[in-house]
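Q: Spelled out from the first residue to the last, the chains are:
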Amino acid sequence: MTQKKITLFNFGHFDNDLLSEVGAVAGKEFDAVFTFRKEYVDLSEFFDSSRKQYNGNKLLAFVDQRAGFEQGKLIGLFSVDIFIPILTYIYGQAYLNGKSAIASAHRLSNERYGLARDEKVFLSRLIKEVNHELGHCYGLIHCHTPGCVMQSSTYVEDIDQKNMHFCDSCLLLVRNARDS
Amino acid sequence: MNKKISLLIVDDEESVRDSLYNWFIEDGFAAGCAESAGAALSMLENNHFDIILTDIKMPGMDGLELLKRIKTIRKETIVIIMTAFATVDTAVQALKDGAFDYVTKPFDPDDLSHLIRNASRQIMLSQENEQLRQHLSLEHVEDIIGNSETIREVLHEVQQVAASNASVIITGESGTGKELFAKAIHANSPRRYFPLVSVHCGALSESLLESELFGHEKGAFTGAVYNRKGRFEMADNGTIFLDEIATISMKMQIELLRVLETKNFIRVGGNKLISSDFRVICATNRDLKQLVEEGRFREDLYYRLNVVNIRIPPLRNRMEDIPELVQHFIKKYCLAMSRNLVGIEAAALLKLQEYDYPGNVRELENMIERAIVVGNGKEIRVKDLPLQKEIATISSESLEDLEKKHVLSILNKYDWNISRAAKALQVDRVTLYNKIKKYDLKQG
Ligand SMILES: [Zn+2]
Ligand SMILES: [Zn+2]
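Going line by line, the protein sequences match chains D and B. So for the first sequence, the working numbering puts the first residue at 1; every next one is plus one. So for the second sequence, the working numbering puts the first residue at 1001; every next one is plus one.
Next up, chain D with everything else stripped away, as it sits in the complex (with noise of 0.2 Å):
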């Protein structure tokens, strides 16, 4: 069997350390070859001026065109508040068994919510956006489990609460999945 392959691509500012440190966890979670890259690329395009707020639903298809030529799975991750029509905002989306993914680090900072800054939690939110994202490409969908990581989530407490991994039943899911 051919090992998985991931592919994060940077669409903000986010530092080579800091994306090391989620390429390690996921990479691992997923027993996955996770690499990950800068992207320089204009985000006017997906700007909704009435909305304030950068379209998922635009961003999504876009990286899953670049997503064309690379093998494996791959995740945008972006600095920018992302939202779809129908909902406020949203941390991340992906397509279910499907190629891609993205995910917002917008709204996972304390300072967001008046707190303290916390780069460890920042980057443990980060990391399970990630996970979950990637999860849906895989093909798994909301789990009920307490903890896991693809337990569904509207607030930042909620991802506080659940961990980086997934339960066993969606370990073994993710395990048994392949790139395509």
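A few of these clues could be false.
[Claimed, not checked] Partial list, computed: chain D residues near chain B (C-beta under 8 Å):
| # | residue |
| --- | --- |
| 1 | K28 |
| 2 | D31 |
| 3 | L87 |
| 4 | Q93 |
| 5 | E111 |
| 6 | H144 |
| 7 | Y155 |
| 8 | D160 |
| 9 | Q161 |
What the hints contain is simulated information worked out from the structure, not anything from laboratory work. All values derive from a computational prediction rather than experimental measurement. Virtual Cβ for every residue (Gly too), placed ideally from N, Cα, C.
Following the hints, position chain B with the ligands against chain D.
A: Just chain B with the ligands, lined up with the frame of chain D:
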């Protein structure tokens, strides 16, 4: 019996349909889309949908007219009206015509979650009565392996109790798989659309258990930096499974009794009353009745929990299930380790059928897992089973040797229980598998 709730999205705007569709399938719903009221009606001719989410303003027939038509076809269908511009008049009209709710786009993710939870709850309640009347066959019990008379009797009891809301105590020796039966009850109950939340009471200290069950508010104690939901809250509309119930303290017994009576509680360090509607299933390997007689378990709590008692037989009482169990665990662990399926020598299978399993199914499972890890990758041999001992010799002091020595000693300490050893070593199972392979470790 449908596992998934089905949902039809009706909106003339493609981006709205796509967004909602994606959101719902990630959440485990079966979803469909229609771009107009007319298209929705023709889809409804041949398909069943539990919930219909429709926009109000669409070319041709509008959402309010669609609502009326749907209600004449099937009254129980839940219709939710979405609109970009809410007006009191249309909201009142929609609710009068039987809409379940009326929401303004765009909504907060949490509002959408709530809305769908409420709708799912409505479906659950309407199915409850229906299910109690019908005789349904069990589903989602593929993890309960065996076809012996004993196990079939237990499954029959599971089936009888699943549809009700009755509290259940599952008793049985440790390692008999009591949690699997709790899962089976939940998965076959009307509460299946909501979480089954497990708590291993024996693993937690009193104060930890308290905050785990009830949640806590920021600042309730050192380390409580953020608010946390408790397990009772997470189990709302679903089932809570309390494993090793006999281990909880007298103080927790009183608190538990209070929650079961009122379905209300307060988070640790909080003051807001939270209510949650859950079913409770407990498990224990102890004789609770005897603990009551000894004054170590409250009698009132015992009677509240013990409405139905399901006894899980020890493995030695259903030895005929062993070949099937062995095959099941071989499949499970070969998959988990990404290996080709291995076989088992006749002599090895015979050995397994002669053993008496004080640790029950879990002991057998551990044996198979270990045998696959140490084995030749083709078939499980007698010598792969923990019946033969080999002495590992370690002489030099390189870092690798130290690691080898340490990993081996931890494995032995936990009797080669891979998950406990991995936990102690703070590595995942796969890493531990690789170490065992790399150093060719054997039980000694
Ligand atoms: Zn998700
Ligand atoms: Zn899970």
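Q: Does the closest beta carbon of chain B sit nearer than 8 Å to the beta carbon of D/L87?
A: Nearest chain B Cβ about 5 Å off; hint holds.
Q: Should the hint that D/Q93 touches chain B count as held when the rule is a Cβ pair under 8 Å?
A: Holds - the Cβ of D/Q93 comes within 8 Å of chain B, reaching about 6 Å at its closest.
Q: Minimum Cβ distance from D/Q161 to chain B below 8 Å?
A: Holds. Min distance 6 Å.
Q: Hint D/Y155 vs chain B: min CB-CB distance below 8 Å?
A: holds, 7 Å
Q: Hey, does the D/H144 contact hint survive, CB to chain B under 8 Å?
A: holds, 4 Å
Q: Would the hint on D/K28 stand, with a C-beta cut-off of 8 Å toward chain B?
A: With a closest approach of 7 Å, the D/K28 hint holds.
Q: Are D/D31 and chain B close enough, Cβ to Cβ, to be under 8 Å, as the hint says?
A: Interface hint status for D/D31: holds (7 Å vs cutoff 8 Å).
Q: Is the interface hint satisfied for D/E111? The criterion is a beta-carbon contact with chain B at less than 8 Å.
A: Cβ of D/E111 sits 15 Å from chain B, so the hint is violated.
Q: Taking the least C-beta to C-beta distance, is D/D160 closer than 8 Å to chain B?
A: Given a least distance of 5 Å, the restraint on D/D160 holds.
Hint 5 alone, counting from the list given before, is not met by this structure.
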